[in-house]
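Q: All chains should be built: construct the whole structure from the sequences, respecting the hints.
Chains as they are written, first to last, in the working numbering: chain A, 1 to 498; chain B, 1001 to 1644; chain C, 2001 to 2104.
For the record, the hints were derived by calculation from the structure and aren't laboratory data. Do not take every clue at face value.
Claimed, not checked - Straight line, CA to CA, 30 Å or less: simulated DSBU-like cross-link-like pairs of lysine-lysine:
(1) B/Lys1170 - A/Lys447
(2) A/Lys449 - B/Lys1027
(3) A/Lys361 - B/Lys1620
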Amino acid sequence: MNLSLLILLPAITSLIILFSGKEQAKRIALGGALIQLGLTIFLLMCFWADSNLPGATQFIYEYNASWFPALQINYHVGVDGISVAMILLTAFVVFAGILMSWKVDRMQKEFFFLLTILGAGAYGFFISLDLFLMFFFLEVAVIPKFMLIGIWGSGKKIYSANKLALMLMAGSALVLIGMFGVYFLSNIGTASFDLVQISANGIPKDVQLYFFPFLFVGFGVFTALFPFHTWVPDGHSSAPTAASMFLAGISMKLGGYGCLRVATYLMPEAAEHYSWIIILLATIAIIYGAFATMMQTDLKYMNAYSSVSHCGFVLLGIGMLTPTAVTGAVLQMVSHGLMTALFFAAIGMLYERTHTREVAKLGGLLKVMPFISTVFFIAGLCSLGLPGLSGFVAEMTVFVGSWERVELLYRLATILACMSIVVTAVYILRATGKAMMGPVLNPEFNKLKDAAWNERLAGVVLIAGILAMGVMPFWLKDLVSPGALNIIEQINGVALLK
Amino acid sequence: MIDPDLILILLFLPLLSFVINGLFGRKLPGSIAGMLGSVSILISFLLSMSVAYTYFFQVGNISGVYESLVPFQMTWLRFSENFSINIGLLADPISMMMIVVVTFISLMVHIFSLGYMKGEERYATYYSFLSLFTFSMLGLVLASNIFQTYIFWELVGVSSFLLIGYYYQKPSAVAASKKAFIVTRFADLGFLIGILVLSYYSETFEFVTLTERLVPGDSEYSQAASSAGFLGISALTWGLVMIFIGGAGKSAMFPLHIWLPDAMEGPTPVSALIHAATMVVAGVYLVARLFPVFSLACPVALDVVAWTGIGSALFAALIACTQTDIKRVLAYSTMSQIGYMMFALGVSGYGGEEGLGYMAAMFHLFTHAMFKALLFLGAGVIIHYVHSNDLKDMGGLRKVLPITSITFLIGCLAIAGIPPFSGFFSKEEILLASSHSNFGIYIVALITAGLTAFYMFRLYFSIFWSKKIEVNSGHRHEGSFSMLAPLLILAVFAAISGFIPFGSFVTSDGTVLETHFHLEFSILPVSLSVAGIFFAWLLYKNTSSVPGRIADTAGTVYKVIYKKFYIDEVYEFITKKIIFQLIARPAAWFDKTIVDGMVNTAAAATQVFSLSISGFQSGKLQHYAFYFIGGAIGLALLFIYYLS
Amino acid sequence: MSPIGLNHMLILSTALFFIGVYGFLTRRNLVTLLMSIELILNSVNINFLAFNKYLYPEKLDGLFFSLFIIAIAAAEAAVAIAIIINLYRSHQSIDVEDADSLRY
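A: And the structure:
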């Protein structure tokens, strides 16, 4: 199974889009995304078949070619369970995003080109096993986001685009510093960017302690680490629907994946040393994000702050450093990605029809637009962690994993994180009750049409993903936990469980 | 052996009906959706009777003890080698009893709704939600793993939300459904933390293994659990109390009861099913499920259960005496009766004669389901006829609603505990159990019994006797056959189910408990009930101003009770003023102004700095020449004097 | 009076150099600016010749370099005058303060 296909396919698709006509662009993009979805499911099947064979290494389907020999940069790709889960997520969200953007009204070619490039960047990031390659793909994704928000966005889009691009680039700068530290100072002796080699040889502890904050905070900016999360509300809210779905669904996971794969995997002692800070910041993000969400009056802002809160779970799981908690963090990445994409899709549908995102101006939409309201409601239920949907699986895994740490601070953090389920219920139900239920507020709304075929398909695809994870979590959990276990096993000689 | 397939079918058939009615119900003609729902519940009911029969009379009784059997188990989400959420089926006396109760009451409600909800716009959606609820409740009672209980617990909560908010265009219904969900969610938080605590020490989520390990003996698990502590209270106590908080929320115990009266915004058959007979007893069920741990390992937690139960019982009984909305009276009555079940569990010991309270609680759960559903469905007929919930719009209805009148009377007699109706037997056992262990609780229970009889008959007399009024509008007939048949069936059960020898089937440790009829003991409670009925008869049979004058004399006391002890206002204060204003608003402000402000300041600082050094690019030749020469001289000096 | 030594020449050329630099940095008129540049170039010339005569009397390297400088100075002056003429055409002034449009 040649992993480079995952990058080549969107790259070729985007090139074809550039040379096509306006109307064709969206069809080509959709076709490409559909083939990509098929490819990722094929990857999943192959992975299931091949990963349990005897003699299988941690990363399979590896391919290593020299790219810049002088600088020891290789084109090294490979996947493990965690990567496959993230690739699946990306395929679903990109497919749904392209469907949701069917009615984009200007510069279609450029729009779909940028969206496909974003996808290519994400796929590349998830399969890279060379640090420089990872950084390369991380950067590939930033400029398209800037353009998507700045050109097709709404509200204060220039400000938000600037803020998003600059903060993400600041994060990347920190990541670069961390990477250079690892590059020059690992135990291999020679400079190397190769992930597998570095983790095999290790990094001296003092180097770790110095560079871990750079890597973790750098990637943390991507995943809304408090207090670097303020790009999320403005960025997500001003972006067009598909870009919001991608941003919240995938881009925030680039950070979480990086924290896990680079920071924690390569620097386990430092991760253990700094874990209390990570837990503190994550808990603040969860609780404070949830309370801030309660006060929002704009649906998109509400969802954006809710994303800050939910991504806090990812960081909490990573900080707790038990195999179950880390598995929970990855599950939360997948679950939140699907859920928030669905939520933004629903809000996008609402906004397109009612031209307002203010909760106070909406009311009684269940009667007028039942499909959209149901999609909104399902996304809300997933967000508050209803069993049967993916959010429950992820959150419970994080809670059970976190409870294994007995120290007072960690227990307290776990209990506070548990309390967020109540706050989440409050803001979700307030929004749903006000917008969907109740009498129809504005008589104009009665003329609105329910979802069109593309929106229905997008909603169904995402809901199918959420249900697949929520009703049958075992397949995803078994996919992800060997990878998580590998990461935790790096922490030698530190007894974490009782 | 018990066939797991039968249980799986009876469990998943309502789910299937939910999916079909939910997705396609709108396209089905007429009342097919209702028929579909009702038939699937009928099949589930018959299957549950069969399974229960197999358990109680064939396989369950192993050498004189009813054992817990687990005919089916499947790993659903494995956390680590010890911990996994399994989906399994647990067959033991209480689960078998509950599947019969749940499917039976659900069947009655489905049939009743065929007539009651006829012509509703979202008829199919209603039936799909009812099926979802039945599926969730059955899953809850059959769960063999505590996390599985939690899963179905949440699903029951969502079904309740959907059904209370069924008339979603009414703002009061929307508010009520939100309140119900949020209050129970808050309680579920306690449940979740309790699960985490208990499972940490018992290293399992399975009920059978958990109780085995935590019941004290020499097991290291229970030693660890009792010795570890926080703030002076053992971890085991914390865990059990947290789990009880979860149960108290679902069962509307004080102070988590505020959602139950508001939940009456839902359609009346829903109130009958969910908020009288099944969902609200989930808390009692949970305590009963973990009863060995409660009673043998942690009596402190059991005391909490007992006092919360009796407190809620008295509290609700007092309020019910003053309410004028028929459904609210019944809601508070439910809360009171559940309080009875709770404190019966709370005063119970374990095994043999000691376990009388447990048996009595479960017995009362069974009889209560029958007569409370009956009362609610009767209320449904009345409301359907009068088009109002308020007592002042009702009166003298015994002539126009004859069947309802008789069945309602039977229900009232049962709840008042008048022999030979079922409520008498179950209440007697409860009072007997409490008199053996805690005299204080016994006295309060007696008083509450008297109050119960009073307010129920206040209701009965005000509706069916009292003044004769011209009914303003609506149907001239009592109700269709589908609405009356369940009333009759339930009335029969409310009357005779007291004669079931419950102690032969459901007891705390599985052994048979013989119950006897104690005449001397029963005289006191029955006479109190009769006195209550008598007072109600005096005050309410004919329209009189006596009740009004009594209320005025009682003055503030009456007002406080009428206003439900102002608990709702306290909650509103806490949520609006404290949580919103003092926590949420500052958090949002802090984020927007301080944290975001720092980002914006960083950007502004960069701009200011950049503007200030842009002065170097003046465009003037001579400035550039100066920098050039100055730099060259500087470098020359550097090289000559410092770096040679 | 002591014979004129190397030092005297060097002091002269240094003085001329810095007078030229001062003129270059402060004159407003572009033409006088050019004159200062010529002064700088010529001071360098004197420097080269002085070193040539006093330190390496038998060689002629300094002489040749000076010739180069004279030629270059002439060429550079021609180009600079051309620039000044064009500048005058667009700005209507040969004040060096007015030629600042390439600023931030």
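Q: Could you run down the list of hints and mark each one as holding or not?
A: Consistency of the hints with the structure:
| no. | hint | in the structure |
| --- | --- | --- |
| 1 | B/Lys1170 - A/Lys447 | holds (21 Å) |
| 2 | A/Lys449 - B/Lys1027 | holds (19 Å) |
| 3 | A/Lys361 - B/Lys1620 | violated (58 Å) |
In terms of the numbered hints stated before, the structure departs from hint 3 and from no other.
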